[in-house]
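Asks: Just so you know, the protein sequences line up as chains F and R, in that order.
Under my numbering, the first sequence has 121 at position 121, and the numbering climbs by one with no breaks.
Under my numbering, the second sequence has 319 at position 319, and the numbering climbs by one with no breaks.
Hint data in this document are derived by calculation from the structure and do not stem from the laboratory.
Heads up, the beta-carbon is just placed ideally off N, CA and C, and yes, glycines get one too.
Please note that a few of the clues may not be correct.
[To be verified] Selected chain F positions facing chain R (in silico; Cβ < 10 Å):
no.: 1; residue: Ile41
no.: 2; residue: Tyr57
no.: 3; residue: Ala63
no.: 4; residue: His65
no.: 5; residue: His78
no.: 6; residue: Trp108
no.: 7; residue: Asn156
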Amino acid sequence: MGKLDNTVLFQQLHLKFGDHVKKIDEPFGLLTIETVKDYIIDLLRFLKTDPQFQFIYLTDITAVHYPELERSIAVVYHLHSLVHNVRIRIKVFISGEQPEIPSATALWNGANWMERETYDFFGVQFIGHPDLRRILNVDDLPVFPMRKEYPLEDPNRVDKKDFFFGR
Amino acid sequence: MSELKPRTNGNYPIFDDNDPQEELITLNLGPTHPATHGVFQNVLQVDGERIVSGVSTIGYIHRAFEKIAEHRPYYQITPLTDRLNYCSSPINNMGWHMTVEKLLSIEIPKRVQYMRVIIMELARIADHIICNGILGVDTGAFSGFLYVMQEREFIYEIFEEICGARLTTNIGRIGGFERDFNEIALNKIKQFVKRYPPVLTEFEELFNRNRIFIERTSGVACVDPETALGYSWSGPLLRATGVDYDVRANEPYSSYDEFDFDIPVGKRGDVYDRYMVRNEEMRQSIRIIEQAMQKLEKEPRGVFHADVPDFYLPPKEQVYNNMEALIYHFKIVMGEIDTPKAEVYHAVEGANGELGFYLISDGGRSPYRLHFRRPSFINYQMYAPMSRGMLLSDAIINMSSLNIIAGELDA
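Here chain F stands alone, though its shape is the one from the complex (with noise of 0.2 Å):
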């Protein structure tokens, strides 16, 4: 079959969702996309059951933090089409203070761990997973330490200062 091109895919994509859909760049040939929260799951299940485009295989999901964005969290979600061989990248950006999202679970169980990852390290919470609960971290983390906010180790200490270069 031959290759999907990324301006069809996205007209179709447009045609379907109109401007819950927005087209952010291009980087290496690799579709990125943006949607809203209350339409990721009818995006995803369209991409995935259309037989037109048939993104069946999840990537993977994970998310990026934007501290000085109002919605600061972006959920992003990488999908394959395998017939194809085309990767499209979805990105949902979500408020930062009450990171919630649904669940993707119900269309990939592969889902699951993903999600689960990126609830321990973010805090998003994915509605409607089975069992979301942290998986790499221990249990009782008070903190989600892939956010900026939270340092990679004590800031305090002033043994590791570099006064010269300021780093």
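Following the hints, complete the assembly by docking chain R onto the known chain F.
Replies: Relative to chain F, chain R alone:
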């Protein structure tokens, strides 16, 4: 057999001591048990020899690599990737270098690409040797393991000749290699390509038609392609179910499109198919190395890195004697060089499956965010659900054939 009904409180199986009818036993498989080959725990509820339910607990060697990576310059992240899948660290190193090179749009000379292919395929063989050898040990056949282990040792000698290290290799730099392959290394690779196939044949003769081995592995833990894709399996495990997805063929990196190799697939996705797929992949890797050695000879000698002074450290003699080299050295080490603002996802075919690097650069010297798509982590989540109803001894074999590497599982 009593009814197979899992009783859990969501997290852990419940064992009710007061129930006189209670026949289920809670069994801790791991965290440190010889049969688990790494630090991970499974709390199993067993009815005699049969597993009723299980819960996997992971994270025992979590080292927060993603957080550390946000505070390290790009070239200092390579040693972190070593410690993901430490049985085939060169693949991780190369995958990371290629991700950064993609971000920086560095054109890599053909000779370096072939050198990388050789390294990666050697690492793949070393990893598959471990997995299949240990699978033999777990089924009760020790000698096959020793036959192939000798060859793995030889691969490590080649790594040692190339980069000085054996396990956590830190091979290569962003832009190429730190030094050229020396004559000893090239001779050893040529020697390995000749001496390994007969050893592999001998290994296969010990197992492929072995009655005990077939009974222990065939039909155990069958997985159909739909389930495997639903759980995002990749690598030899996915191919054993019959899906011919290989990153080397789907998105060729490092000139893999120039090589002639087959992608073996299985039919039933059971332990035996996984074993067979891995064996055949080792043969294909030998084929690729042979072709790469031929291609290497046609390329101009002495080229071992791209011409990117902004990112590739100059030789130390020049730093002491040459002003430009000193400037570049200072700029690289002190992080004075800007990188493009972009997002990259780059995947390589690791020994266990699709090893992806999702890198977000904000223009600084270290990543804004780096996420590893670790195949072991994603493959392993099916272990507890698929163990349900399985015999305990089969579950051990199954875990061994999944080839879960704790470092990659926990990152």
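Asks: So, for every hint listed, does it hold in this structure?
Replies: Status of each hint after checking the structure:
For F:Ile41, the interface hint is violated, since its Cβ never comes within 10 Å of a Cβ in chain R; the closest pair sits about 16 Å apart. Interface hint at F:Tyr57: satisfied, since its Cβ lies 6 Å from the closest Cβ of chain R, which is below the 10 Å cut-off. Of the supplied interface hints, the one on F:Ala63 holds, with its beta-carbon coming within about 9 Å of a beta-carbon of chain R, less than 10 Å. Interface restraint check for F:His65: the shortest CB-CB distance to chain R comes to about 8 Å, inside 10 Å, so the restraint holds.
Annotation: interface hint on F:His78 holds; nearest CB of chain R at approximately 6 Å, less than 10 Å. Hint status for F:Trp108: holds, given a least beta-carbon distance of 6 Å to chain R, under 10 Å. Interface restraint check: F:Asn156 against chain R, minimum CB-CB distance 17 Å, threshold 10 Å, status violated.
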